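Enquirer: Read off the chains here:
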Amino acid sequence: MSALGIAGLDAGYEDFQALFGVSLELAAGETVALVGANGAGKTTLLMSIAGALSPWHGSISLDGTDITHLPDYQRARAGVVLVPEGRRLFPSLSAEENILIPAGRRDAGPWTLDALYELFPMVAARRSHRAALLSGGEQQAVAIARALAANPRVLLLDEVSLGLAPAIVDAFYQLLPQIQASGVSILLVEQDIDRALAASSRTFCLLEGRVVMTGESGSLDRDALIAAYFGAPAGPPGTDPVMRT
Amino acid sequence: MTWVNDLFQGIFLGGAYALTAVGLSLMFGVMRLVNLAHGDLAVCGTYLVTTIMAATGVPLWAAMLIMVPLAFGLGMVLQLSIFGRALRTGPTAPLLVTFGLSVMIENLLQQVYSANTRGVGAGNLDVAAIHLGALVLPWLAMLKLILALVVIGGLSALLRLTAWGRRVRATSDDLAVARLQGIRVRPLFASVTGIAIAAAALAGTLNAVTTGVYPTLGALTLIFAFEAVIIGGLGSLWGTLLGGLLLGVTQVLVSQVSVPYATLASQLLFLVVLAVRPHGLLGTPQAVA
Numbered sequence: 045m046s047a048l049g050i051a052g053l054d055a056g057y058e059d060f061q062a063l064f065g066v067s068l069e070l071a072a073g074e075t076v077a078l079v080g081a082n083g084a085g086k087t088t089l090l091m092s093i094a095g096a097l098s099p100w101h102g103s104i105s106l107d108g109t110d111i112t113h114l115p116d117y118q119r120a121r122a123g124v125v126l127v128p129e130g131r132r133l134f135p136s137l138s139a140e141e142n143i144l145i146p147a148g149r150r151d152a153g154p155w156t157l158d159a160l161y162e163l164f165p166m167v168a169a170r171r172s173h174r175a176a177l178l179s180g181g182e183q184q185a186v187a188i189a190r191a192l193a194a195n196p197r198v199l200l201l202d203e204v205s206l207g208l209a210p211a212i213v214d215a216f217y218q219l220l221p222q223i224q225a226s227g228v229s230i231l232l233v234e235q236d237i238d239r240a241l242a243a244s245s246r247t248f249c250l251l252e253g254r255v256v257m258t259g260e261s262g263s264l265d266r267d268a269l270i271a272a273y274f275g276a277p278a279g280p281p282g283t284d285p286v287m288r289t
Numbered sequence: 492m493t494w495v496n497d498l499f500q501g502i503f504l505g506g507a508y509a510l511t512a513v514g515l516s517l518m519f520g521v522m523r524l525v526n527l528a529h530g531d532l533a534v535c536g537t538y539l540v541t542t543i544m545a546a547t548g549v550p551l552w553a554a555m556l557i558m559v560p561l562a563f564g565l566g567m568v569l570q571l572s573i574f575g576r577a578l579r580t581g582p583t584a585p586l587l588v589t590f591g592l593s594v595m596i597e598n599l600l601q602q603v604y605s606a607n608t609r610g611v612g613a614g615n616l617d618v619a620a621i622h623l624g625a626l627v628l629p630w631l632a633m634l635k636l637i638l639a640l641v642v643i644g645g646l647s648a649l650l651r652l653t654a655w656g657r658r659v660r661a662t663s664d665d666l667a668v669a670r671l672q673g674i675r676v677r678p679l680f681a682s683v684t685g686i687a688i689a690a691a692a693l694a695g696t697l698n699a700v701t702t703g704v705y706p707t708l709g710a711l712t713l714i715f716a717f718e719a720v721i722i723g724g725l726g727s728l729w730g731t732l733l734g735g736l737l738l739g740v741t742q743v744l745v746s747q748v749s750v751p752y753a754t755l756a757s758q759l760l761f762l763v764v765l766a767v768r769p770h771g772l773l774g775t776p777q778a779v780a
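First to last, the sequence lines map onto chains R and G. Residue 127 in our numbering sits at position 83 of the first sequence; the count goes up by one each step and never skips. Residue 757 in our numbering sits at position 266 of the second sequence; the count goes up by one each step and never skips.
Bound conformation, chain G alone (with noise of 0.2 angstroms):
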């Protein structure tokens, strides 16, 4: 029974490794744009939450609805500002670009709210659960595998039903093409960036009530996010699922033989995926060409 217990919390971390992750394999699916500055704006979502409460009183939920169409507008924002320009300069800029943001913001959210660790008050979400028998199913954890299949759910559905997924779709096939069919592609990336962003402000506002918040967490975020996308296969969202559900089930029974091994054989799992399958689980190989 504690294995089954612990295949669903290996579920329900995966779930939100899933939710951290898909805005970047949004970016990368649609706009080849690998954003290394992912996990800090993710951090940067949690501290808008905690500023946002602490100004204002009002509870998680309250703030993290306030927090994400700011986080969607600051994502459209970079996307029109300096990701597109670096995008059109070349493959190498935007990764030079978004490094090079990642480092201030850490920089920079060290020099506003220290480098201490913060808690995010959230009541008692963080412990309450449900107990059936053996089975543990803490509310916290089934929201963020829920919201996780509510976003990757929605964004396909989106994608592949209305006439902005179309144009997306279209636009990430050949984008000179697009562009002489009348699509304007400058809003259109901005809209993807505004939902990759805001998607991961909330993932890792949710997941920063459990560990609390620091200015450097960005690049732990990042690494986990990053692995999700290559095991699931790069351009699939539901791969992206799938990645981030084999790097938390892994880890949890991994570490019920071992703790301090539990990081490494997740390490290991991505390390074999990219050496048998460096596609991925359900990417294409055309896409990592």
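Just chain R, with the same shape it has in the complex (with noise of 0.2 angstroms):
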């Protein structure tokens, strides 16, 4: 039984429609990467499985059970738990009060407000600081540490990375075993290719709202990859997807 099931998923807005019958499964534990150019639904699908989106077809169960049609409140209680891209923390509240918001599932696994304080040091110091005044940096380990408080069954990462200095991201990705270890399952939504494949044991890619091509993360071919990701033959050797910024 995986702890994440996805299957023959579409979802969309109005009438775009951005995924189409996308299947995915997670195994307890695991961490899968999910790959794709901009606009190939990566957030849709994550929206979907946090339950900001209703989707059109399709399921979505968490460890067996359906949870297709709960509301996003109820989910996150469940222990569905998205870190949004661009961080969303709650800007006038502080680095504490947003990792004290997370309702339901506190007391149900290892992340008390001690150890995340042990995990991210830098909150711990930026503590009673209001989130909007923090750096990228501190704001995106303050996002992790209030996904990580509710305890989540399932964590959803959408763009980490985005923005933020690549040694501040060589040290989230260093963190990364830290937080499998406690027996989460993690979503991985990443443009950086390399990162993606290294951190994950299997990846998916997405294009136009389809998964592409997915495989183990350790022996995918690197060049078929770079090619579903832009749905085109792979360019000359070298050249690569993602811009390092």
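None of these hints come from the bench; they were simulated from the model. Predicted, not measured: the structure shown is a model, and the values here were computed from it. Please note that a few of the clues may not be correct.
From the derived model, a few chain R residues whose C-beta atoms are all more than 12 angstroms from chain G [as the list claims (entries may be wrong)]:
| # | residue |
| --- | --- |
| 1 | Glu58 |
| 2 | Ser67 |
| 3 | Pro135 |
| 4 | Leu137 |
| 5 | Ser138 |
| 6 | Pro165 |
| 7 | Ser205 |
| 8 | Asp214 |
| 9 | Ala225 |
| 10 | Asp267 |
Chain G side only, calculated, beta carbon under 10 angstroms to chain R, not exhaustive [to be verified]:
| # | residue |
| --- | --- |
| 11 | Leu631 |
| 12 | Gly644 |
| 13 | Ala648 |
| 14 | Ala667 |
| 15 | Arg670 |
| 16 | Leu671 |
| 17 | Gly673 |
| 18 | Arg675 |
The beta-carbon is built from N, C-alpha and C at its ideal position, and this holds for glycine as well.
The two chains are supplied separately, each in an independent frame; assemble them into the complex guided by the hints.
Expert: Below, the structure written as structure tokens:
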């Protein structure tokens, strides 16, 4: 039984369909990477899983229980937690207040406030500062700490490295094994293919709302993946789909 | 010495304005909902008190103790039934819905209670005062100011220090993300509206001890409450207190020079603040955008 099961998911916005029959399984404790170009439907998929968007067709299950029609706030309490793109902290709350927000499974796992401060010492140092006044890296750390505070079964990470300095992104990926060790299943959306492959056991590639490639991250042919990423034959060797900023 | 006394009377009047306005300020600050029925709901609380007193013969304070939880419940029911739905529809729906509610309440009150002004029997509370030389400290006015301070101070503490307040502030910051963090918004907003309506009904009743109550009093109540909120700054409870005090002091001081110009002066104050500092004295510019 998979921790997260997605079967035949169609989703979109009003009359624009963004996802076409997406199916995906996440085993307990597994990290799966989701790559794809801008507009491929990665965020739409994560929003559908988190419950912010109602799918048109298809089903979503958590530990074998159907949660397709569970409202967003109940999904978070059930253990499906999203770290949204752009962090989206509550700006007027302090760092610590942000982390205290998640309702539900606070006592259901290892991520107490103390454990989170141990994982992110920089958050501990800035705990009483308003979130709006933190640096980008600090905000991202608070956003991940806030999600972990709910002791998620499934953690959805939407482009956590977006807009951050490479050194800070490196620091985050060095922490990832500690988060994985808590047994949480992670669906990682990442534009940087090399990071995605290195951090995950399996990789899915989305193109225009469809899963066009999937496989073990360790054995995926990188050139073929890049071709799938763009929906075109692979470019000349050495071209990289990601502009590292 | 009369100026000192006038200043005190202005502050007392301002306390009454602030107590009336705090619920309006809270609902806008948290939900971005402008409740045009705010004054009418305050008046409903007053009529409820007079009805309780007439039916059971209990004194004013006891009738108010019964009324406040009922007003809280009415606020919750309104939020769960129509305000919440209007908020989910879009930014203009709440204006239309609360305006409609205002019209309905005023006509319903005329139907049930007639258009005549009713007194609120308060013993000698409306005239009792402490005299310190030329300084007159009326008990009723002091009570309103103290209640304004208690309600605003208490609400600020609740918002700042409790888990409930943390959830309210988070939801006010970003409703969609708050839901994704497991916050159930409907009951949370219902509790906010409950508090707002209870405070308004309390203020309306105490104000009516002096002025009496009539079905269309709500429109006038709303105007002063609205001005206190705007002058102090949208989204700031302490700003609402400051706005109420400035309105009250302006009105009383000018009335010493010319009574007809007193109301005009407070409206001019409102206009000047809107022109010079549209986000209010203690508000932040973003809250208006």
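Enquirer: The structure should be examined with respect to each hint, and the outcome stated for every one.
Expert: Structure-based check of each hint:
| no. | hint | result |
| --- | --- | --- |
| 1 | Glu58 | 15 angstroms, holds |
| 2 | Ser67 | 23 angstroms, holds |
| 3 | Pro135 | 6 angstroms, violated |
| 4 | Leu137 | 6 angstroms, violated |
| 5 | Ser138 | 10 angstroms, violated |
| 6 | Pro165 | 23 angstroms, holds |
| 7 | Ser205 | 20 angstroms, holds |
| 8 | Asp214 | 27 angstroms, holds |
| 9 | Ala225 | 24 angstroms, holds |
| 10 | Asp267 | 37 angstroms, holds |
| 11 | Leu631 | 37 angstroms, violated |
| 12 | Gly644 | 19 angstroms, violated |
| 13 | Ala648 | 15 angstroms, violated |
| 14 | Ala667 | 6 angstroms, holds |
| 15 | Arg670 | 5 angstroms, holds |
| 16 | Leu671 | 5 angstroms, holds |
| 17 | Gly673 | 4 angstroms, holds |
| 18 | Arg675 | 5 angstroms, holds |
When each numbered hint is compared with the structure, violations occur for hints 3, 4, 5, 11, 12 and 13.
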